[in-house]
Amino acid sequence: MTERIDHAEASSGFIAASDHLEFHDRRLWDLRGKRDRATAAIPEWEELRTLASQIKEHTLTHLGAYLEQFERAAQANGVTVHWARDAAEHNQVVYDILAARGAKTLVKAKSMLTDECEMRAFLEPRGIEVIETDLGERIQQLDDEPPSHIVVPAVHKLRADVAEVFARTLGTDPNNHDVHYLAESQRRTTRPSFLTADAGMTGANFAVAETGAIVVCTNEGNADLSVHLPKLYIACVGIEKIIPRTEHLGVFVRMLSRSALGSPITQMTSHFRVPRPGTEMHVVLVDNGRSDRLGMDDFWSSLKCIRCGACMNTCPVYRRSGGLSYGATYSGPIGVIIDPAYNLRKYSALPFASTLNGSCTAVCPVRINIHDQIYKWRRVVAERNALPFAKKQAMKMAGKLLASPRLFRAAVEAAGAGVEYLPRVMLYNRLNAWGKQREVPQAPPQTFRQWWLAQRAKKEPR
Amino acid sequence: MTQVALFVPCYVDAFFPEVAVATLELLERFGCDVHYPLDQTCCGQPMANSGCEADAAGAEALFVRNFSDVDYIVGPSGSCVHHVREHFTAIEQDDAVRQVRARTFELVEFLHDVLGAREFPWAEFPHVIGLHNGCTSLRKLGTASWSEQAMAPWSKPMTLLQAVKGIRFATPARPDECCGFGGTFSVYEEPVSARMGQDKVADHHRAGAEVIVSADMSCLMHQKGCAERMGLPLRFMHIAQVLNGSPLT
Numbered sequence: 346m347t348e349r350i351d352h353a354e355a356s357s358g359f360i361a362a363s364d365h366l367e368f369h370d371r372r373l374w375d376l377r378g379k380r381d382r383a384t385a386a387i388p389e390w391e392e393l394r395t396l397a398s399q400i401k402e403h404t405l406t407h408l409g410a411y412l413e414q415f416e417r418a419a420q421a422n423g424v425t426v427h428w429a430r431d432a433a434e435h436n437q438v439v440y441d442i443l444a445a446r447g448a449k450t451l452v453k454a455k456s457m458l459t460d461e462c463e464m465r466a467f468l469e470p471r472g473i474e475v476i477e478t479d480l481g482e483r484i485q486q487l488d489d490e491p492p493s494h495i496v497v498p499a500v501h502k503l504r505a506d507v508a509e510v511f512a513r514t515l516g517t518d519p520n521n522h523d524v525h526y527l528a529e530s531q532r533r534t535t536r537p538s539f540l541t542a543d544a545g546m547t548g549a550n551f552a553v554a555e556t557g558a559i560v561v562c563t564n565e566g567n568a569d570l571s572v573h574l575p576k577l578y579i580a581c582v583g584i585e586k587i588i589p590r591t592e593h594l595g596v597f598v599r600m601l602s603r604s605a606l607g608s609p610i611t612q613m614t615s616h617f618r619v620p621r622p623g624t625e626m627h628v629v630l631v632d633n634g635r636s637d638r639l640g641m642d643d644f645w646s647s648l649k650c651i652r653c654g655a656c657m658n659t660c661p662v663y664r665r666s667g668g669l670s671y672g673a674t675y676s677g678p679i680g681v682i683i684d685p686a687y688n689l690r691k692y693s694a695l696p697f698a699s700t701l702n703g704s705c706t707a708v709c710p711v712r713i714n715i716h717d718q719i720y721k722w723r724r725v726v727a728e729r730n731a732l733p734f735a736k737k738q739a740m741k742m743a744g745k746l747l748a749s750p751r752l753f754r755a756a757v758e759a760a761g762a763g764v765e766y767l768p769r770v771m772l773y774n775r776l777n778a779w780g781k782q783r784e785v786p787q788a789p790p791q792t793f794r795q796w797w798l799a800q801r802a803k804k805e806p807r
Numbered sequence: 009m010t011q012v013a014l015f016v017p018c019y020v021d022a023f024f025p026e027v028a029v030a031t032l033e034l035l036e037r038f039g040c041d042v043h044y045p046l047d048q049t050c051c052g053q054p055m056a057n058s059g060c061e062a063d064a065a066g067a068e069a070l071f072v073r074n075f076s077d078v079d080y081i082v083g084p085s086g087s088c089v090h091h092v093r094e095h096f097t098a099i100e101q102d103d104a105v106r107q108v109r110a111r112t113f114e115l116v117e118f119l120h121d122v123l124g125a126r127e128f129p130w131a132e133f134p135h136v137i138g139l140h141n142g143c144t145s146l147r148k149l150g151t152a153s154w155s156e157q158a159m160a161p162w163s164k165p166m167t168l169l170q171a172v173k174g175i176r177f178a179t180p181a182r183p184d185e186c187c188g189f190g191g192t193f194s195v196y197e198e199p200v201s202a203r204m205g206q207d208k209v210a211d212h213h214r215a216g217a218e219v220i221v222s223a224d225m226s227c228l229m230h231q232k233g234c235a236e237r238m239g240l241p242l243r244f245m246h247i248a249q250v251l252n253g254s255p256l257t
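Just so you know, the sequences run in chain order D and Z.
In terms of this note's numbering, the first sequence is numbered consecutively and its last residue is 807.
In terms of this note's numbering, the second sequence is numbered consecutively and its last residue is 257.
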């Protein structure tokens with residue numbers, strides 16, 4: 346049986362390191378602020394959100410047709426298109442492409458999909474060296490940790506942590522925490538790999554059905570080097586990344602970096618369409634649960650996600666628990682509504698790692714009703730028997746008590762029972778959790794109902 | 009005369025009767041004929057928010073029995089009102105249920121939108137307050153504009169409070185960041201919940217607030233618990249108390 350991720354437990358470890366927590370919260374809140382300013386500068390921003398949402402809805406409604414159109418266009422461009430039903434097929438397809446050409450080293454740009462498929466763990470034991478070339482992703486690879494954020498993968502690390510990782514793995518000076526020194530060190534050790542690698546890989550921000558183009562938005566130029574230097578290029582693409590036409594990029598490219606980082610556009614927006622003479626280009630289209638999600642009435646619209654991370658940056662719970670506490674490739678609000686579709690039992694606690702405050706929904710550039718889906722996942726968790734037994738029993742008892750005025754009054758008004766009882770009504774179990782860092786409210790001498798009966802009931806026609 | 013049935017959420021009844029009294033008196037000052045159904049318990053939100061919707065059916069059915077056949081149902085709690093309006097689906101949706109759901113209002117929106125209350129000549133509150141809008145009141149009931157979207161600013165609670173003599177406002181750095189109560193979240197996710205609460209009250213304290221005022225007593229219960237443990241000299245009052253002319257408590 347899969348182990349259930351305990352987000353609350355994991356978050357307490359994150360919170361205990363207060364310098365890390367404060368930096369993490371401040372850094373991401375700063376991104377949220379930049380996003381607010383960047384979006385407020387576009388008068389039609391809310392209309393853009395609606396349009397983006399509608400384009401995605403249309404595309405997802407005709408997904409099969411657009412995928413086939415993409416395949417035909419890509420093939421006409423000289424690209425080889427592969428289809429992968431799940432993570433295992435994806436990894437095998439990639440391995441087979443590499444193995445058939447004797448490729449031993451792979452330089453790759455950031456891709457959440459390859460993390461989702463745990464591709465490195467599959468390729469490395471089979472003799473393929475995989476080198477992450479995005480700075481944040483490389484830091485995480487060297488530290489043997491998954492990314493904690495879909496846009497800024499090492500945002501939970503302080504400079505000192507990065508200096509420690511690089512000193513341990515790249516032989517840099519552990520006492521030099523200077524950002525430029527650290528970035529330059531990584532650059533010097535990674536750059537030669539581009540020249541010698543047998544193959545390059547990217548994910549995709551968008552795949553354009555009418556042209557067969559893969560569009561990759563980056564800030565470091567590492568994707569372009571990964572594509573343009575080796576003789577073999579593989580793009581791994583989740584099937585929901587399809588958009589119908591090039592003109593739709595005029596909507597999405599405007600929104601992506603503004604939502605993510607508050608910048609108008611990423612440094613590089615690269616369109617990879619045709620293999621250079623003498624080289625090969627492959628596209629692997631991956632389902633891995635996406636078709637199943639598309640069939641879920643309440644959750645299909647999560648496939649609209651363009652992976653900007655705005656919901657994570659604004660989420661007060663994410664900022665105070667860190668991406669790794671979700672125990673999944675996708676963390677924060679978007680992770681909370683995607684992860685249970687992959688493994689309900691393992692991720693059954695995640696829909697409860699939310700106050701349902703709705704800020705995620707308010708920033709989402711494609712108008713996914715994230716907090717509504719979190720609420721709905723809670724019901725799915727309960728209905729499929731994935732709630733902890735004690736919580737389920739507590740809710741059953743609370744439901745009975747609150748359905749009966751007599752039982753409720755007896756509980757509330759029993760002498761001295763207020764303080765002991767009420768947190769139980771509202772808080773159910775883990776009762777002592779309230780008092781760990783908070784005072785318990787004092788019970789007053791009389792409840793409102795008692796006050797009413799004493800002061801006002803005579804006026805009340807009974 | 010406007011007929012109002014007073015909806016007193018379970019935790020307000022047991023812990024904050026003064027908030028219910030202030031709500032009652034305030035409604036009466038505006039000429040409402042207020043009635044308090046004695047058999048009320050809870051709206052069903054705690055069970056439904058935990059995913060156990062079926063367990064909320066008894067509480068929801070009881071709520072409908074208590075609150076049928078009145079013009080308005082008014083309660084001093086945004087999330088409870090939101091549950092009744094938007095999530096009250098554990099029971100069959102007959103006419104009585106639909107009517108109850110449509111007639112349920114949160115106190116501030118009822119004062120602001122339905123009664124059109126703008127003046128509170130009996131109220132004086134010579135203190136610096138930090139206004140806290142609960143997230144449900146804010147982003148789901150639309151009690152005020154929210155910072156994620158560029159929009160012409162509005163705030164129903166601020167409009168009402170500005171009419172109180174002597175009141176001054178302190179603006180925290182993150183005015184609409186969630187305080188971390190979140191119902192059962194407060195105990196099942198205690199570490200994050202408490203940290204959010206600590207950050208929230210510290211933000212108000214830094215901004216110079218003496219009193220945090222909100223239309224959502226559950227947020228205040230959580231924030232008060234955090235502030236007391238931290239030893240911060242902050243007070244907490246429901247907006248009904250301030251508008252009704254209660255002195256600082």
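Hints in this document: simulated from the structure, not taken from any laboratory.
A portion of the hints provided could be inaccurate.
[Unchecked claim] One side only, chain Z facing chain D, incomplete, derived with CB under 8 Å:
#1 Val-20
#2 Ala-22
#3 Leu-46
#4 Asp-63
#5 Ala-67
#6 Arg-126
#7 Glu-156
#8 Val-195
[Said to hold, decoys possible] Pair ranges (Cβ atoms, derived):
#9 D:Gln-791 - Z:Arg-37: 37 to 45 Å
#10 Z:Gly-150 - D:Thr-425: 50 to 58 Å
#11 Z:Trp-130 - D:Pro-789: 22 to 30 Å
#12 D:Val-524 - Z:Arg-106: 55 to 63 Å
#13 Z:Arg-37 - D:Arg-729: 47 to 55 Å
The beta carbon of each residue, even a glycine, is placed where N, CA and C say it ideally should be.
Structure-based check of each hint:
no.	hint	result
1	Val-20	holds (7 Å)
2	Ala-22	holds (5 Å)
3	Leu-46	holds (7 Å)
4	Asp-63	holds (3 Å)
5	Ala-67	holds (4 Å)
6	Arg-126	violated (27 Å)
7	Glu-156	holds (4 Å)
8	Val-195	holds (4 Å)
9	D:Gln-791 - Z:Arg-37: 37 to 45 Å	violated (23 Å)
10	Z:Gly-150 - D:Thr-425: 50 to 58 Å	holds (52 Å)
11	Z:Trp-130 - D:Pro-789: 22 to 30 Å	holds (24 Å)
12	D:Val-524 - Z:Arg-106: 55 to 63 Å	holds (59 Å)
13	Z:Arg-37 - D:Arg-729: 47 to 55 Å	holds (50 Å)
Violated hints for the displayed structure, listed by number in ascending order: 6 and 9.
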